[in-house]
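Asker: All chains should be built: construct the whole structure from the sequences, respecting the hints.
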Amino acid sequence: MSLVEGRGLVRVFGSPGAEVAALRGADIRIEQKEIVAIVGPSGCGKSTLISILGGLDRPTGGEVWLDGKRIDDLSASAWARLRRKSVGFVFQSFNLVENLSAADNIELPALIAGSTAKQARIRREELLERLGLSARAKLLPSQLSGGERQRVAVARGVVNRPTILFADEPTGALDSEATVAMLNLFRDLHHDGQTTVIVTHDPLVAAAANRIVAMKDGVVVSADAEPERKSAAS
Amino acid sequence: MLRVTFRLWLAELRTRPMPLLLAGMAVACAVALASLAVGVSKAGGVGYERVIANSDGAHAWIFNDSQALSEQLAGMPGVTEVSAPLRRAQGTLVAGETTLPVSLWAVPFEAPSPTPTLIQKGRWPQSPLEGIVDSGLAARAGIALGDAVQINGTAGTAQIVIVGFGLSTTGAPYPFNRPAELFTSLEVVESVSGGRFAANAVGVRLANADEAEGFFATASERTGVSIGGITWLQIQKTIANTSRPAEILLGAFAVFAFLAAGFVLVNSVSAALLGKRRQIGLLRAAGLTPAQIVAIVVGQYSILAVAAGIVGITIGWLLTPIFAGRVATLLRAPRPPVDPLVEAPIVLFGVVLVAIFVLVPALNSVRGSVNESLNGGANKRPSRTPFLARAAAAIHLPVSLRIGSKDTFANLPRATMTIGAIALAIATIVLSLTLEATARAIADDPRIVGQPAYQLRLTLRGRVRGGYDATAAELESTPGVLTTMVERTQRGTLVEAPPPPTATEQASPGFTPPTTQPGGREPFDLIGLSGDIDAMPFNVVEGRMASASGEALAGLGMVRDYGVSVGQTIRVRGEGGGEFVVTITGIVPNASSDDRAILFRGINAGGRSSIVLRTRPGAKPSEVARTIEINAPGRFDIDNLAAAFAIDLKDQRDNLRAVLVSLDSALLVVAFANLAGVMLLTVRERTREIGILRTLGFTGEQVFASIAVAAAIYVLIGIIIGAPTGYFVTRGLFDFYGGQAGWPGGIAVVPPVAWFLGAAAVVLVVSGVLVSIPARIAARLEIRDALIADP
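Protein chains in written order, with the working numbering: chain Z, 1 to 234; chain W, 1 to 791.
Worth flagging that the hints you see were computed from the coordinates, not collected in a lab. Predicted, not measured: the structure shown is a model, and the values here were computed from it. A couple of the hints might just be wrong.
What the hints assert, rightly or not - These stretches of chain Z come out as covered by chain W in the derived footprint (C-beta under 8 angstroms, 3 or more residues):
#1 73-82
#2 92-104
#3 109-117
Beta carbons are placed, not taken as given, at the ideal position from N, Cα and C, and that holds for glycine.
Answerer: So, in structure tokens, the structure goes:
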């Protein structure tokens with residue numbers, strides 16, 4: 001049984017008469033503890049696919065399964081509760097809360113998930129230490145570099161030890177040095193058993209994955225490609 | 001440029017009408033209130049002016065018995081008509097349960113010209129036992145056309161049928177002028193009064209109504225006789241004064257509303273410009289300078305202000321009769337005409353205010369480079385975590401409260417203005433509650449109800465056995481009666497009122513008081529007092545009680561309208577021509593219906609006599625009246641002054657209550673619509689953050705709660721500031737205006753807790769309903785869309 005599975009996913013945007021299909025029957029399976037890279041040209045439906053798998057959007061058609069349970073028909077509130085514990089997200093534009101410090105941003109999901117202030121603080125400190133951000137903990141996102149912001153975003157994404165972490169172009173706004181650091185971070189998390197799905201245009205990032213899923217025009221065209229390890233050499 | 005402004009404005013109106021409508025509504029509301037204040041101040045006066053202009057009502061009434069004088073007046077230039085001398089006497093009207101003193105006028109079977117009363121309903125009397133009664137009295141006593149009423153005089157009683165309701169041209173309508181007037185045949189007036197008439201009344205109509213002001217002086221000069229009386233201008237002034245409380249309140253609320261409108265505007269404009277950052281960038285890229293863009297924005301809102309101003313003026317004009325109160329109803333006053341010289345400055349003020357309040361957000365919108373504008377505007381990045389967020393984290397508040405409170409003061413000017421608008425609304429509510437509570441307390445406050453210092457006035461029917469003073473002494477043995485006094489009232493004029501001598505002048509050897517001629521020739525009440533005067537607790541607000549013969553108290557109206565002061569020695573002339581010289585020792589409020597009265601001590605001024613009674617503490621005046629009636633059936637007509645005072649107070653309270661409830665509702669809706677607008681703006685600014693929170697597992701309910709928390713903080717602070725402000729403003733108003741009426745200071749009372757709870761419930765419901773709109777919008781945001789919103 002796959003950890004996450006999307007079956008025949010369809011997502012149509014726009015009003016009647018002016019519909020645009022972002023997904024046209026995409027099938028995907030994510031196994032436990034793997035890093036999967038989803039690649040494909042712009043507009044092929046990569047971000048839409050992980051939005052639907054992570055419950056940020058609803059499919060127009062098809063099914064989403066997590067840990068053997070169908071979840072695409074959950075209510076918005078049930079989805080929210082599921083995301084707290086089971087799903088983490090990292091975005092290209094970081095999406096940190098601008099007027100909360102790095103530390104506050106990291107512990108926010110823990111508090112939302114119901115951790116006590118003490119539990120949240122301990123977990124936050126652990127992640128700050130691990131990501132080398134302890135000295136920057138009290139700074140606001142606007143006072144951090146791009147790489148630091150993305151590390152805070154990753155820490156926030158994994159603070160609740162989610163079943164799966166979705167990262168949408170996590171290195172899209174980073175320079176090459178920060179990109180490499182980010183890939184190392186994903187590898188570290190993988191070693192800890194973190195299942196991760198990364199949407200990327202960057203071959204370097206794709207090379208860091210166990211498996212590459214290629215998409216085109218709203219469907220998955222290849223789901224078993226082996227990454228070229230050479231290009232991923234750091 | 002004008003075309004660009006107008007086109008963009010129309011596009012804005014089509015695509016985002018709500019912020020514009022909200023701002024327009026707030027401006028219209030403020031202009032309407034200002035217009036109402038002006039309208040109400042004019043309604044009674046203008047209404048009376050129209051009534052006089054469109055009728056054959058007299059421009060001046062002279063009270064004099066000389067037939068020769070009437071002929072002399074008729075020959076004066078500028079005088080178009082002089083009525084035949086009309087006989088007058090004092091009496092009492094009994095209609096059902098109501099007994100009230102009336103001034104009886106003997107009128108012919110055809111309306112004289114000029115006429116003392118203008119028929120508003122019914123017809124002129126055509127037989128001896130028919131009469132016309134003042135419309136205000138008919139309303140108070142519940143008299144209908146065709147009703148039979150009893151008239152009692154000192155010599156007898158008569159029963160007449162009321163065939164018409166009239167509007168007096170010799171005084172303001174009852175109860176603003178007392179006693180009320182009743183017009184009937186000479187036979188009836190003569191039989192009930194036994195031929196004891198007051199001075200004749202002669203009505204004069206002038207070619208130019210405005211010349212009434214100087215008419216008495218001119219007439220005195222030409223005839224060589226000192227002539228006094230009352231002019232339509234004085235009556236108009238009395239009528240206009242009746243709407244002063246409503247006018248003051250409306251004026252104060254208009255100031256509040258203009259401020260609230262300003263706050264609404266800033267927020268509304270900020271919201272509109274936030275959504276147009278890219279458009280502003282495009283306009284700048286197309287070559288418009290920042291100054292031109294600011295001019296476009298200010299221009300757009302100025303157009304809005306003009307439109308809202310016109311709407312506000314129209315609303316104010318339409319509502320004026322409702323707020324003008326009872327006197328307008330009695331006058332059946334049409335709405336005052338729209339005066340461009342008065343209304344245009346109000347609209348202009350509104351436009352200037354709008355321009356000022358729009359300027360700040362407009363200038364903000366053009367900050368930063370064109371590129372930044374094209375990319376959604378120059379973002380102000382926070383430099384530290386907000387205090388409330390840190391405080392909420394420190395005390396481990398639930399995460400919804402933490403998130404909800406953290407941005408409350410992120411934009412300090414906006415937060416200040418939002419709280420300001422709410423505080424104003426709360427202040428007006430508390431002001432209304434305090435007014436209501438205080439009005440109720442006053443109704444039972446002996447310091448106020450006891451003015452004048454007695455509760456019952458008795459007029460003897462028929463022949464007086466043993467004289468008034470002996471009868472008054474007899475009445476003191478009635479259970480519930482504390483003390484009695486006899487009043488003898490007639491109308492009089494001021495002959496001489498030199499300024500009071502200074503201490504230095506008085507000490508100078510050979511000092512003689514100067515004699516200067518006073519300007520005022522308007523009549524007032526001359527009230528001679530006898531009996532147990534010292535036992536009557538007159539509320540002397542300045543000076544001391546008159547303690548010897550030749551000393552007198554002056555009503556506050558004498559101070560206000562004639563410049564009379566304590567220590568002054570004045571000479572007054574009574575209706576019969578007799579003159580008295582008295583020294584004013586003290587000032588008392590509510591000395592008569594219009595407060596223009598001189599209360600003599602120990603002087604028998606003649607005129608209408610009555611016995612006044614002060615009841616014992618705890619005794620009900622109505623029960624004392626019943627006892628007197630049982631002990632001496634049919635001997636007295638009893639006027640319950642305490643009950644009349646309570647009715648007057650209730651009337652005023654009812655009028656004010658309607659005004660206050662309307663104003664409160666308007667300001668409450670504006671303030672909370674503004675709050676909803678601000679929260680909507682917050683939601684728009686925080687859309688991406690809401691998307692992030694939803695991604696992290698925030699439910700729609702938690703998002704809703706966080707928005708509600710932010711709104712609740714504003715409301716709470718608004719209440720903390722507004723509630724005491726409202727109370728202390730009311731207290732100040734009572735101290736200031738009550739002080740002028742001789743009321744003691746600090747009379748305003750704190751409303752009962754239950755009222756506050758009721759008001760809080762209303763505030764909660766209104767704010768809950770309005771804030772739920774943006775909160776629901778926030779809760780229903782699609783995560784995917786929210787995450788790609790402009791930062």
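Asker: State for each hint whether it applies.
Answerer: Here is how each hint holds up against the structure:
1. 73-82: Result for this restraint: holds, n = 4.
2. 92-104: holds (count 8)
3. 109-117: holds (count 5)
Violated hints are absent here; each numbered hint is respected by the structure.
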